[in-house]
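Sequences and hints are given; from them, build the entire structure.
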Amino acid sequence: MHLDSAQEKMLRGDLGEARQFAMGIVSKVGDAVGADELVPIKSAHVLAHYSSLHDAGVEVLERFAESGGKFAVPTSVDPASIDLQNWKSFGIPEAYARQQFRLCDAYAKMGGMRCWTCVQYQVCNFPKEGDIVAWAESSAVVFANSVLGSRSNKITAGMDIACAILGLTPRFGMLLDENRRARVSFKLSLDGLTELDYRSIGFFVGRNAGPRVPFLAGLPPSVSSDQIKHLGAAAAAAGPVTMIHFPGITPGSKTVDEASGGDKVEEIDVTRSSLNDIESDLNQTSELPDLAAFGVPHLSVNELGELAKLLEGRKLKRGVKMYAYTSSQAYDMAERTGISSIIEKTGARMSQSTDAEISPLKALGFNTVLTNSAKLAEMVSSEGEIEVGYASQKEIIEKVTA
Amino acid sequence: MRPLLAKGMGLVMGSAAGEALPSHRAFTFAHGVDPSTGVVTDVRSDVRGLNVKGKVLFYPFGKGSTTASSWFLETVRRGNNPVAVVTEAVDLSAVIGSVMAKAVYGNEIPVMCGIQRSVYAGLKAGDEVFVDAGSGEVRSEG
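These protein sequence lines are chains G and E, in that order.
What the first sequence shows, in our numbering, is residues 328 to 729, in sequence order.
What the second sequence shows, in our numbering, is residues 174 to 315, in sequence order.
Please note that a few of the clues may not be correct.
[Unchecked claim] Some chain G residues flagged as far from chain E (calculated, every beta-carbon gap over 12 Å):
id	residue
1	E386
2	K455
3	A463
4	L475
5	G588
6	I669
7	E705
[As the list claims (entries may be wrong)] The following label-pair restraints were derived from C-beta to C-beta distances:
id	chain 1	residue 1	chain 2	residue 2	range
8	E	K180	G	F428	46 to 54 Å
9	E	E192	G	E671	52 to 60 Å
10	E	E192	G	N610	32 to 40 Å
11	E	E314	G	G646	51 to 59 Å
12	E	S209	G	L615	26 to 34 Å
13	E	R198	G	L503	37 to 45 Å
14	E	S209	G	E522	43 to 51 Å
15	E	E314	G	L615	46 to 54 Å
16	G	D604	E	K180	34 to 42 Å
17	E	S291	G	E364	30 to 38 Å
18	G	K397	E	E314	46 to 54 Å
19	E	K180	G	E364	21 to 29 Å
Simulated from the structure, these hints should not be mistaken for lab results.
We put the CB at the ideal spot given by N, CA and C, even for glycine.
This is the structure we're talking about:
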């Protein structure tokens with residue numbers, strides 16, 4: 328990969344240790360993936376949660392921060408592993424919280440926006456069509472590429488911080504037209520889609536697309552950006568998907584021919600039986616759960632409102648906890664509009680700035696989790712310690728409340 | 174020298190020898206490998222229960238969370254990492270994990286792509302494999 332003279336200087340260390348460390352990583356990754364050069368980014372989104380970064384990640388973030396690293400572009404951050412406001416009342420052990428706060432401090436020192444959400448595109452980070460960004464968070468990368476028409480690779484931990492410090496990313500992969508073309512076409516011929524269907528459709532697409540960029544036809548015009556958010560998150564959890572062409576939504580992808588650049592691509596039907604297979608794969612237990620979890624990715628304030636409507640007048644059964652995970656911004660709006668008092672009256676809680684799949688569920692004593700998030704179901708069951716049920720929000724509420 | 178099994182493309186340079194751990198499904202270190210042991214925990218993996226430590230890990234492509242590179246890096250910090258990663262399609266999390274491993278802990282873990290599932294279908298877990306990212310060669314008796 329070609330570096331210009333300013334970038335060479337960074338690599339030599341003339342512009343400080345943090346940029347040298349960052350350029351060392353970014354230039355090697357660029358070489359590995361065959362990038363031709365570094366290009367400027369409009370924004371970054373990075374990871375700083377303890378459950379996935381582990382102690383190695385704490386070392387990396389502190390090394391960047393202590394060597395003078397400062398983010399060169401607006402930078403947002405994924406959820407933390409704890410509710411940063413109310414972690415004590417959720418039973419998080421002190422020692423665990425301490426490691427998370429080390430990551431928070433390192434991130435803040437580098438000048439990032441303290442949003443702690445995986446839906447930064449609903450909160451504080453809004454690239455426009457054509458903008459190049461370097462985002463971590465697989466679900467957000469799908470949203471950026473598929474809905475916003477921005478361009479991002481799925482930048483993974485470590486590289487995310489390096490790109491944010493440099494304000495640059497290697498040009499390869501999803502930054503290039505030829506790699507964004509649809510290579511497989513999914514056709515949905517189902518009416519009356521439920522909330523859960525959107526997530527199961529995403530999971531089916533992710534599992535069957537493999538490394539091919541999918542086109543997905545047949546979503547109703549009424550589809551909301553929240554539904555697309557959950558569909559994309561499920562797809563990215565099931566496979567290497569970084570973009571889905573949605574006709575009528577994705578810029579420049581009105582037809583499969585437009586999305587594929589005219590090439591013939593394999594067609595796959597999404598049927599009721601495809602979705603049933605996904606549901607039975609993700610739904611591994613029908614037991615009463617210890618935890619009913621909503622919001623992976625984070626619920627918007629609209630979704631919190633819908634949840635409140637379903638919960639109104641009900642009471643959570645004894646022995647079950649119900650958490651709705653959301654951003655601090657949606658949390659505040661829910662407080663101001665009375666949504667949170669309805670949710671809390673049932674015995675459920677809203678949890679802000681963290682999310683279920685990255686919080687220490689096992690350490691908190693949860694052995695069975697019931698969720699309508701395909702992403703959460705996939706990730707929690709992957710660790711092999713917690714049993715997961717997968718059902719619609721309505722079914723879950725009927726099961727765990729009276 | 175062992176016979177040539179296939180030629181792929183080196184992404185992160187280096188060479189390594191070890192027992193093969195071939196997976197034929199989408200693979201991730203994030204929530205899918207326990208860094209404190211190296212054991213694959215993912216219930217949807219065909220190599221669940223086996224250990225990546227010291228292995229030449231084969232899989233077709235990645236999946237899931239962008240945290241995968243930090244889970245990978247933690248296996249390195251704890252000494253439970255694979256000695257090489259070989260894939261069909263580029264898995265950016267393996268590339269970044271390996272580059273980070275070198276930058277932070279000095280470990281050289283070659284990463285290669287372009288090796289089809291059908292090519293390593295004959296490999297069994299435990300077969301001795303040699304990989305060289307420089308020449309792109311994967312050699313094995315298997």
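Hints, one by one, checked against the model:
Against chain E, the non-interface label of E386 of chain G is violated: not every CB pair exceeds 12 Å, the least being about 7 Å. Against the 12 Å criterion, K455 of chain G stays outside the reach of chain E, whose nearest CB is about 22 Å from its own CB. Not every CB of chain E lies more than 12 Å from the CB of A463 of chain G, the least distance being 4 Å, so the non-interface label is violated. With a cut of 12 Å on Cβ distances, L475 of chain G stays outside the contact zone with chain E, its closest approach being about 17 Å.
Taking the minimum C-beta to C-beta distance to chain E, about 19 Å, the non-interface status of G588 of chain G holds against the 12 Å cut. The claim that I669 of chain G lies off the interface holds: its Cβ sits roughly 32 Å from the closest Cβ of chain E, which is beyond the 12 Å cut-off. Look at E705 of chain G: its CB is around 7 Å from the nearest CB on chain E, not clear of 12 Å, so calling it non-interface is violated. Between K180 of chain E and F428 of chain G the C-beta distance comes to about 49 Å, which sits within the given range of 46 to 54 Å.
Separated by about 54 Å at the C-beta atoms, E192 of chain E and E671 of chain G satisfy the suggested range of 52 to 60 Å. With their beta carbons about 36 Å apart, E192 of chain E and N610 of chain G fall inside the hinted range of 32 to 40 Å. Distance hint check: the CB atoms of E314 of chain E and G646 of chain G are about 56 Å apart, consistent with the given range 51 to 59 Å. A hinted range of 26 to 34 Å holds for the C-beta pair S209 of chain E and L615 of chain G, which are about 31 Å apart.
The hinted range of 37 to 45 Å is not satisfied by R198 of chain E and L503 of chain G, whose Cβ atoms lie roughly 28 Å apart. For the pair S209 of chain E and E522 of chain G, the beta carbons lie near 37 Å from each other, so the given range of 43 to 51 Å is not met. E314 of chain E and L615 of chain G have their C-beta atoms about 52 Å apart, which keeps the hinted 46 to 54 Å range intact. Checked against the given bound of 34 to 42 Å, the beta carbons of D604 of chain G and K180 of chain E, roughly 37 Å apart, stay inside it.
For S291 of chain E and E364 of chain G, the hinted distance range of 30 to 38 Å is satisfied, since their beta carbons lie about 35 Å from each other. Checked against the hint of 46 to 54 Å, the pair K397 of chain G and E314 of chain E passes, with Cβ atoms roughly 53 Å apart. In this structure the hint that K180 of chain E and E364 of chain G lie 21 to 29 Å apart at CB holds, the actual value being about 28 Å.
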